[in-house]
Amino acid sequence: MSPLQLTHFTAVSAVGHGVAETLDALERQRGGLAPCAFESVDLPTHIGEVRGVDKAALPDELSGYNCRNNRLAQLGLLQDGFAHAVAKSATRWGSDRIGVFIGTSTSGILETELAYREWAATGALPQSFNYAGAHNSFSVGDFVRHALRLEGPATVVCTACSSSAKVFASAQRMISVGLIDAAVVGGVDSLCLTTLYGFHSLQLTSRYACRPFDIARDGISIGEAAAFALLERLPEQLDNNAILLLGAGESSDAYHMSSPHPEGRGARASIEQALAAASLEPTDIDYINLHGTATVSNDSAEDLAVSAVFGTQVPCSSTKGATGHTLGAAGALEAVICALAIRHGLMPGGLNTRTVDPKLHVHYLRENRRSNVNRVLSNSFGFGGANCSLIFGRAA
Amino acid sequence: MPAPTALQAYIEGVGLLGPGLTDWPSAAAVLSSAAPYVASATALPAPQALPPAERRRTGAVVKLALAIGFEATTHAAVDPSTLTTVFTSSGGDGFNCHELCIVLAGSDRQLSPTRFHNSVHNVAAGYWSIAANATNAANVLCAHDASFGAGLIEALTQVAVERTPVLLLAYDTHYPEPLRAQRPIPDAFGVALVLAPDARAPLAHLTATLTDGGADHMSEPTLEKLRASIPAARSLPLLSCLAQRKSGRVVLDYFAHARIALQVELCS
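If you read the protein sequences in the order shown, they are chains X and W.
Start counting the first sequence at 34; every next residue gets the next number (our numbering).
Start counting the second sequence at 6; every next residue gets the next number (our numbering).
Calculated directly from the structure, the hints in this document are not laboratory data.
Here the structure is a predicted model, which is why all the values come from computation and not from measurement.
Each residue gets a CB set at the ideal place from its N, CA and C atoms; glycine is no exception.
Treat each hint with caution, since some may be false.
Facing chain X, from chain W, some residues (calculated, C-beta under 8 angstroms) [unchecked claim]:
id : residue
1  : L109
2  : Q187
3  : I190
Bound conformation, chain X alone:
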């Protein structure tokens, strides 16, 4: 595939607002997980909550989109001059030539959860309830395109925890056919009762801050995040330090709704497709940002897939020990972390992992490593066996 440039990118997560705070947290190995005190949730688990989400105000004309998920999106758009960079890009390409592709798993469902309490008590949903603006999965996509005043094709991708990795692939294809020249891609997912109680019902949440690839790993810590990137065609003169999307691979496990294929069959296929799309060999990859959810089954399946393709020497880590598993935002958040890894020569060590499971094969980093990082792979795997792997690299 033809590479694209990540001209701008930003993220907000439990480790910080914007790339400077995110980078600082990675450099200091500072995590953002804490015991769950969200809303009325009573569960023995840790979460990665973003500070200040409820203080983020939407523009008046977009008040119909008000919900935690869109407040989080708004907080993200305001970081690092992202909205301003998109506006500049729109004057160059035209606002109808920039697409919007956002991944989410639960969008604004928290509003509906709260509205049902009122319905249960009074027999009516609150007057303020807005299905299209909050509940519907597209709410966040519609909010982002209106907030950025874009009029190109738009969609939300909902493949659970690979949603905002797959947006990169969709955007790349649409730029490739010439329907658009640039795309705002991203992921926004926010804390809600459905995912907290839902993953708990599957016995997939840890009581502790999650411990990816640890011998005692026992589940995820749910987080929330908004992460965005502006993807554009390559200019004629490309800065050597530009961050590029080099390849994407997508596959389906065709195995089970909520468990990965035990041998990582689909994961391996998406990794191999991403390498093929980027015309790279496994030895070209310097660092792998794992999906690394810290469930017993994900990490063992991913380990088999990664070690089958790369052997056991490529440094890998999961940053979910720092941010939590941000579900539909994980792909985009970890794409931003990969971009920071390349830009700053930093392979972030995974937090909370004390003893790497000796049954796992990959070279799992617990400490930060400073090194030239030219090409990285990022894995995202979702419920329903929806897999996506992305490769990012430095221009030269």
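Using the hints, position chain W against chain X.
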């Protein structure tokens, strides 16, 4: 800048299920005025392709998607395991969502694990991949009322870029109250199209462009009501063109700022 690639594909098969429309041949008869439209609730068949344990767990969305998907691949005489898929729906499983929200509104918030995994928007894609043993990429989209258009563009883009056949499945089911009043989708409706870059025994050839012209409406009032009230049924003007076996230009609904113009050429 590289020259734009035309968004085009051959349609090789169609699957359809909706109120008063029991499959593509009977729907084609209605859409070509060979048979009258007789309103009746959408009847969703049990997904026989799934193992019994999985079959019992499926809701309306999965039943609908699997029915239209297998009808389209059978019609196209293609092996469903070989196809890349694009699923698009304006909402998830409305009944499942309603049940989850009732439990979460109470004090005992023990969720059923099956209800939780059925709540993901890609539930139909997950079950389709298992039923069809389809290991290729599956994308799953939502664009509210523009969901059919978003899915069609994604599918045509995949056909153009990957040069691979794609199964597009667009479907919506209705919500129970109190959400039904907020999102009044009258009944389940789904359409599946097998789209391919090369012709084998195609029904028609499509070329898509964006336009600022208005979307076509259905001349028959009951069908127009369906088109306007169910996002997946925004496909009806295209399906009418196929059913009436006539080439021509069709404009489908998409966003307020753009619609999708299709040049449809019948192939046989």
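Right, here's what the structure says about each hint:
1. L109: This interface hint holds because 5 angstroms falls under the 8 angstroms limit.
2. Q187: holds, 4 angstroms
3. I190: violated, 11 angstroms
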